[in-house]
Structures are given as structure tokens and as C-alpha cells.
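Assemble the whole structure, with the sequences as input and the hints as a guide.
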Amino acid sequence: QQQVKQSPQSLIVQKGGISIINCAYENTAFDYFPWYQQFPGKGPALLIAIRPDVSEKKEGRFTISFNKSAKQFSLHIMDSQPGDSATYFCAVHYGGSQGNLIFGKGTKLSVKP
Amino acid sequence: GAVVSQHPSWVICKSGTSVKIECRSLDFQATTMFWYRQFPKQSLMLMATSNEGSKATYEQGVEKDKFLINHASLTLSTLTVTSAHPEDSSFYICSALPVGSYEQYFGPGTRLTVT
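Sequence order for the protein chains is H and Y.
Each residue of the first sequence is one higher than the last, beginning at 1 in our numbering.
Each residue of the second sequence is one higher than the last, beginning at 1 in our numbering.
Among the hints, a few may not be true.
Stated by the list, open to error - Each computed DSSO-like pair below joins lysine-lysine, with the alpha-carbon atoms no more than 30 Å apart:
no.: 1; chain 1: H; residue 1: Lys42; chain 2: Y; residue 2: Lys20
no.: 2; chain 1: Y; residue 1: Lys55; chain 2: Y; residue 2: Lys14
no.: 3; chain 1: H; residue 1: Lys105; chain 2: Y; residue 2: Lys20
no.: 4; chain 1: Y; residue 1: Lys20; chain 2: H; residue 2: Lys112
Claimed, not checked - Label-pair restraints from in silico Cβ distances:
no.: 5; chain 1: H; residue 1: Lys5; chain 2: Y; residue 2: Glu59; range: 18 to 26 Å
no.: 6; chain 1: Y; residue 1: Asp65; chain 2: H; residue 2: Ser110; range: 40 to 48 Å
no.: 7; chain 1: Y; residue 1: Lys66; chain 2: H; residue 2: Lys57; range: 35 to 43 Å
no.: 8; chain 1: H; residue 1: Glu26; chain 2: Y; residue 2: Glu103; range: 20 to 28 Å
no.: 9; chain 1: Y; residue 1: Cys13; chain 2: H; residue 2: Arg61; range: 40 to 48 Å
no.: 10; chain 1: Y; residue 1: Lys14; chain 2: H; residue 2: Gly16; range: 43 to 51 Å
no.: 11; chain 1: H; residue 1: Pro113; chain 2: Y; residue 2: Ser18; range: 32 to 40 Å
Said to hold, decoys possible - Some chain H residues well away from chain Y (every beta-carbon gap over 12 Å; in silico):
no.: 12; residue: Pro8
no.: 13; residue: Gln9
no.: 14; residue: Val13
no.: 15; residue: Lys15
no.: 16; residue: Ala24
no.: 17; residue: Glu26
no.: 18; residue: Thr28
no.: 19; residue: Ala70
no.: 20; residue: Lys71
no.: 21; residue: Ser74
no.: 22; residue: Met78
no.: 23; residue: Gln81
no.: 24; residue: Gly83
no.: 25; residue: Ser85
no.: 26; residue: Thr87
no.: 27; residue: Lys112
The hints are simulated quantities; they were obtained by calculation from the structure and are not laboratory data.
The structure presented is a predicted model; accordingly, all values stated were derived computationally and were not measured.
Beta carbons are placed, not taken as given, at the ideal position from N, Cα and C, and that holds for glycine.
Quick look at the structure:
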């Protein structure tokens, strides 16, 4: 059973546009929701993260929107740039301070110049 | 800060041999490190959780005798792929968890090719 569902699988956006990636989860015990960015051949890098007591968090061009009742969270990339072209993974955290991450299947974002 | 390194970055080995991959947290201590496996165009799959000074916890379906994990210090964990076979070819990524943090910091990955 897939514990976190990520969509879309791929996304093409024009430069300057808004990229939106969505994730949905079932288990209300998840307590931390990060987004990772991964370039080909590299390890993932933490982009932005949110805890369930906050509905939105913004860092530069990146915003997480969190809807606890709907058990959904999304990543918004404003003013998308070609350098943002990468694969994005949402993840959910469980198990306390030494807990684990479960990753979504990823979204390949292509920003066209 | 929060830099994690892996060595080697890529390795080619022959079937039946063993390969060791190192994961180091360079500027912080990590009581917990994680090992992931990623096949092309797929997501990261957790293989095992490594705690300093204790035995690793393996995810269901991961052979602990094949993937040996040692977390000998607060800054170093190693993954040894024993008797490697072509199906073990993959991208192996480690992450380290600073004490008291939820944020895992990932290494750059190791590309393993078994011929």
C-alpha cells in the first residue's frame, strides 16, 4: 500500500510560471513533511519542510501548503526557472526523533526557457 | 553546514565480489544514519536504519547477510554489498540524522555497477 501518493508524475512549465506538485497521505501519525529536490546522478537535497501545526510555509520562491483535514500537502514553485528542472520528492516522517521517511514516487519538472 | 559525503561516488565490480561504501557526516554527529537504494527513474527505498554502536534495522525484503551495515562512530557508517550480482547494480544513497533533528541530510550517492 502506497503511503504517500504524489502527482503529477511529470510536469512541464514555462519559465516564469508556477509549478505545483501535490502529495496525499493516509496516516495521521505522520509528523513532518519535507520536500526534496534531486538532480540526475546526485543525492536529494532538502528544499523545504513543514510540521502539521502550520498551514503554509514560504522560503523564497518555494511554498508548502498543508491541509491537515484533507491530508494533503503541496509544493509551489513561483517564477519557475530552467535551473529548477529536477525531480522533486515529497516525503512523510514517522517514528519520532529517530524516525524514518517515506518518499513519494517523484515528479520530474521541466522548465522551458 | 550539514554535509554528508559518500565514497566512492561510483564503482564497478565483478559478480561475486564485495564492495564497501562509506558514508560520513562531515560537520555534525549522527547517531542515526539511513541507507537507501534508488533504481533509475524511481523513488528512494529505505534499506536499513543504522544506529551508532548497535545492529542495523533492515526493512522487510532486504537481506541483512548480503547488505552488511556498520555504524562504528558518530560520523561514519559503511554498507558492504557482499557477493554482488548484476541485480545489485543501483544508486545507493545514505543520509544522516543530526541528534535531536527530524531533518535527514543526504549524501551524493554511490553508483554501483556489477558486471
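Exercise. Quick one, are Lys42 of chain H and Lys20 of chain Y close enough, alpha carbons at most 30 Å?
Worked result: The hint holds at about 19 Å.
**Study point:** Consistency of the no-contact label for Ser85 of chain H, given chain Y and a CB cut of 12 Å
**Key:** The claim holds: Ser85 of chain H sits with its nearest Cβ about 15 Å from chain Y, beyond 12 Å.
Does Ser74 of chain H clear chain Y by more than 12 Å, comparing its Cβ with all Cβ atoms of that chain? Its Cβ never comes within 12 Å of chain Y, the nearest being 18 Å, so this holds.
Can you let me know if the beta-carbon spacing of Lys66 of chain Y and Lys57 of chain H is within 35 to 43 Å? Taking Cβ atoms as reference, Lys66 of chain Y and Lys57 of chain H lie about 40 Å apart, which means the hint holds.
Cβ separation check - Gly83 of chain H to all of chain Y, threshold 12 Å
Given a closest Cβ separation of 18 Å, the condition holds.
- Given the hinted pair Lys105 of chain H and Lys20 of chain Y, is their alpha-carbon gap at most 30 Å? 28 Å, holds
inquiry  = Minimum C-beta separation from Pro8 of chain H to chain Y exceeding 12 Å: can you confirm that?
reply    = The assertion about Pro8 of chain H holds, with a minimum of 15 Å to chain Y.
For the pair Cys13 of chain Y and Arg61 of chain H, does the Cβ-Cβ distance stay inside 40 to 48 Å? Because 42 Å falls inside the window, the suggested range holds.
Is 40 to 48 Å respected by the C-beta to C-beta distance linking Asp65 of chain Y and Ser110 of chain H?
The hinted range 40 to 48 Å holds for Asp65 of chain Y and Ser110 of chain H, with Cβ atoms some 42 Å apart.
I want to verify a distance hint. Is the separation of the beta carbons of Glu26 of chain H and Glu103 of chain Y within 20 to 28 Å? 23 Å, holds
Non-interface claim for Thr87 of chain H, where every Cβ of chain Y lies beyond 12 Å:
Violated: least Cβ distance 8 Å, not greater than 12 Å.
- Query: Minimum Cβ separation between Lys71 of chain H and chain Y greater than 12 Å?
  - Reply: The claim stands: Lys71 of chain H keeps its Cβ more than 12 Å from every Cβ of chain Y (closest is about 19 Å).
In the structure shown, a violation is registered for the earlier hints numbered 4, 11, 13, 26, in ascending order.
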